[in-house]
Amino acid sequence: MGGFTLTHFLYLLQATGWTVVLTLLAFVLGCLAGFLVMLARTAQARWVRGLSGLYVDVVQGTPLLIVLFLIYFGLALFGFELPAIVAAALSLMIYCSAFLGEIWRGCVQSVPRTQTEASECLGLSRWQTLRDVVLPQAMRIATPPTVGFLVQVLKNTSLASVVGFVELTRASQVINNSLFQPFLVFGIAGLLYFALCYPLSRLSRALERKLNGGRRQPA
Amino acid sequence: MAAAVSLRDVHKRFGEVEVLKGVSFEVAPGEVVAIIGRSGSGKSTALRCVNRLETIQSGEIELCGRRVDDPALDLRALRRDVGMVFQSYNLFPHLTVAENITLAPRRVRRTPPAEARRIAEEVLARVGLSDKIDAYPEQLSGGQQQRVAIARSLAMEPKVMLFDEVTSALDPHLTGEVLKVMETLAKGGMTMLVVTHEMAFARRVADRVIFMHTGKVWETGPGSMLADPQTPELKEFLANGL
Numbered sequence: 001m002g003g004f005t006l007t008h009f010l011y012l013l014q015a016t017g018w019t020v021v022l023t024l025l026a027f028v029l030g031c032l033a034g035f036l037v038m039l040a041r042t043a044q045a046r047w048v049r050g051l052s053g054l055y056v057d058v059v060q061g062t063p064l065l066i067v068l069f070l071i072y073f074g075l076a077l078f079g080f081e082l083p084a085i086v087a088a089a090l091s092l093m094i095y096c097s098a099f100l101g102e103i104w105r106g107c108v109q110s111v112p113r114t115q116t117e118a119s120e121c122l123g124l125s126r127w128q129t130l131r132d133v134v135l136p137q138a139m140r141i142a143t144p145p146t147v148g149f150l151v152q153v154l155k156n157t158s159l160a161s162v163v164g165f166v167e168l169t170r171a172s173q174v175i176n177n178s179l180f181q182p183f184l185v186f187g188i189a190g191l192l193y194f195a196l197c198y199p200l201s202r203l204s205r206a207l208e209r210k211l212n213g214g215r216r217q218p219a
Numbered sequence: 001m002a003a004a005v006s007l008r009d010v011h012k013r014f015g016e017v018e019v020l021k022g023v024s025f026e027v028a029p030g031e032v033v034a035i036i037g038r039s040g041s042g043k044s045t046a047l048r049c050v051n052r053l054e055t056i057q058s059g060e061i062e063l064c065g066r067r068v069d070d071p072a073l074d075l076r077a078l079r080r081d082v083g084m085v086f087q088s089y090n091l092f093p094h095l096t097v098a099e100n101i102t103l104a105p106r107r108v109r110r111t112p113p114a115e116a117r118r119i120a121e122e123v124l125a126r127v128g129l130s131d132k133i134d135a136y137p138e139q140l141s142g143g144q145q146q147r148v149a150i151a152r153s154l155a156m157e158p159k160v161m162l163f164d165e166v167t168s169a170l171d172p173h174l175t176g177e178v179l180k181v182m183e184t185l186a187k188g189g190m191t192m193l194v195v196t197h198e199m200a201f202a203r204r205v206a207d208r209v210i211f212m213h214t215g216k217v218w219e220t221g222p223g224s225m226l227a228d229p230q231t232p233e234l235k236e237f238l239a240n241g242l
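Sequence order for the protein chains is A and B. The first sequence stops at residue 219 when you use this note's numbering, and every number in between is there. The second sequence stops at residue 242 when you use this note's numbering, and every number in between is there.
Please keep in mind that the hints were generated in silico from the structure rather than gathered at the bench. This list has only true hints and no planted wrong ones.
25 Å max Cα-Cα, derived SDA-like pairs, lysine to any residue:
1) B:K180 with B:R48
2) A:K210 with B:A135
3) B:K159 with A:Q115
4) B:K159 with B:S130
Now the in silico label distances, taken between C-beta atoms and shown as ranges:
5) A:R46 with B:R67: 25 to 33 Å
6) B:Q139 with A:R205: 21 to 29 Å
7) A:S110 with B:A114: 31 to 39 Å
All residues carry an ideal CB built from backbone N, CA and C; glycine is no exception.
Next up, chain B with everything else stripped away, as it sits in the complex (with noise of 0.2 Å):
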């Protein structure tokens, strides 16, 4: 089955520093892979790259068979196949639960607004806020923010979804309920793309862990591998962040 996003020898220049030196992986449909490394090894850039939040410099980028480099991509058909979650949860302030949620259906697809409700509903449920569906974002907590924002995602019913270090902004207990909901959507078969510093999740969950290093792709393989690192620069990585 071909690739669900394939990056081939990708190059990404910030103005005189290469953060990404020729990086290669492929994930297939339904597969969960987990990225790891310190701050600055690339990792984030290399998300931000699939769904075109930067643009590279050399190399293609494949997700659900489009090309992302392509100068002339319909940007918003790509968007329509890849949801993303970030780190600071970036919730509209200004919209309740229900209207972040659905802002996206009823723009970009048109749904019409008792559907929308529905499908806010729905979302909700899967991540355990049906109660809070009137709320502000202000009125919740990081963790609870975090799983509306993932919802949010889920409504327009990506392929791929990129995650980008999103429980680094929490305590270890609201930790616990955003991975607990990415669990669960890995179990039920989401492809996922996911930038983390948590070890436990990447091991258990995750079919594959890439470890990158210096903007290069350093070490892969299943969520075993990090109990036998096979690089210096892996080792020396695990026994910092344990």
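One chain only, chain A, in its complex shape (with noise of 0.2 Å):
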């Protein structure tokens, strides 16, 4: 048994690189998904909204653990051995998509129906609406929020550790198992993990504070 070492930190770092490869390959995929989910959400036709609140509700109401655990292991059983990476990004991809486009779609709908209106009483197509008019409009909402989840996201990443993906979390436990220092390793992993959130979180709310004090169309 040594003391904690500079090839301990180094290895600490090298897996903190891969949360981060993690967090955007799933903020990725997710903002995709997202972005269909949230297309599906505010369709006009009846049945592809339920189909996919359905899609949202579900997803919302389960540990993303389980979902974890479902395409790791269960898909496993029908010859799908996916990597450990591979299962965890798909996971948090799911996750991301129902949050996002559940958060998208109080973005979309908040831009005044008298925008739609307008835009098609000049002839414009639903989706050059969407595209020119409403979109532009609901991602300047957006951006705060979807920042503030990106922080989720990242922290989240750590459930990762459970299908044996080396990010930081699970290196922490590497170097615990050796060391028996809990604090001090995983007090270390936490200040990386804070290191990566706090400037996001501020992010997210200095962009809000532009939001309310930027441009804004009187009534």
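If you follow the hints, you should be able to join the two separate chains into one complex; please do so.
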């Protein structure tokens, strides 16, 4: 049994890199899927709205860890033995898509209905109206909560440790198993998470302030 | 000549409430028709049915030879013929005045950017706002925003224009500058259907006035009918309004 050395710290830093990689992977995939969920949630056809609403409810009502187990262990039964990072990214993508889809649905619906009417009265199609009129306005509203949600995603990547993906949490466990200095090792891991999350939280808040003080259409 | 707009026995319900109870009227090409009446008389709803912002339960609506109540109607084709200006302007706040005006020409007609810009300059000149072409809506007064909204609609060269209480959000001074633009349009031969509370405008500019009451066309006639109301309802409306 030895002390915590620079080698250990570099190992944690490397694992932090994997945490960032997994976060970005999950977030990018989750944004793409979340966009589709948002489109489905605001669709004209009632059954599309209903079905996507069910999807959102199921995912939001299921622990992310269970989703991860289903994908990692469950799919293996059917012959899909996914690498841990793929299973983790897929699970987080599903998680992101449900939450981001719902956040963005709210933002799209908060753009006044009259904007859509004005656009359609000018002869723009539904898709052109969404792209040129609704989404640019919704995106400004959506940016602060979306960046804020990125913090949740980043912290939840720690769950990937249970399927053996060596990110920051898993790396800390490995080191602690040999050093038995949980306060020191997990304390450092916690600080590293904080160092990643805190700037994002601040950014989210700054964006919100900018939004509230920024351009507003008079009634 | 065939009517530019015609409504025949139009019925419209919102749930249990019947807001239009058999409305019929026509607007001839080049004619300016003002619809007046109390809040809740159905005048705005009638207007919104004309370009199918609302669908109707029964009756017939025709606009420039096109059946508006046809479920298979090509909505985008309809809206190339008819422009609309709203009480709340509804400019796109994230776009400049030029972008507000050129969006539809560029997207719907595929007008090249330089040509679209030229159109924007031309319609802005018509509403007297050439110097505001690169401003954002929030930098303009209410009256200026409404004039930009009119210009935006003009850029698509509609055959008929609908005005839905376009001065109701403005103070008297700003109301004047918007009405002046509308009067110029009317003199230029534009077919206009104008829902308004401006009795002076209705009397002076409109070729015909329609008084709506409880979902029906109650009284109709030339602008001078406002000086000589036939029904007690119009009499009362005018007495309270002026």
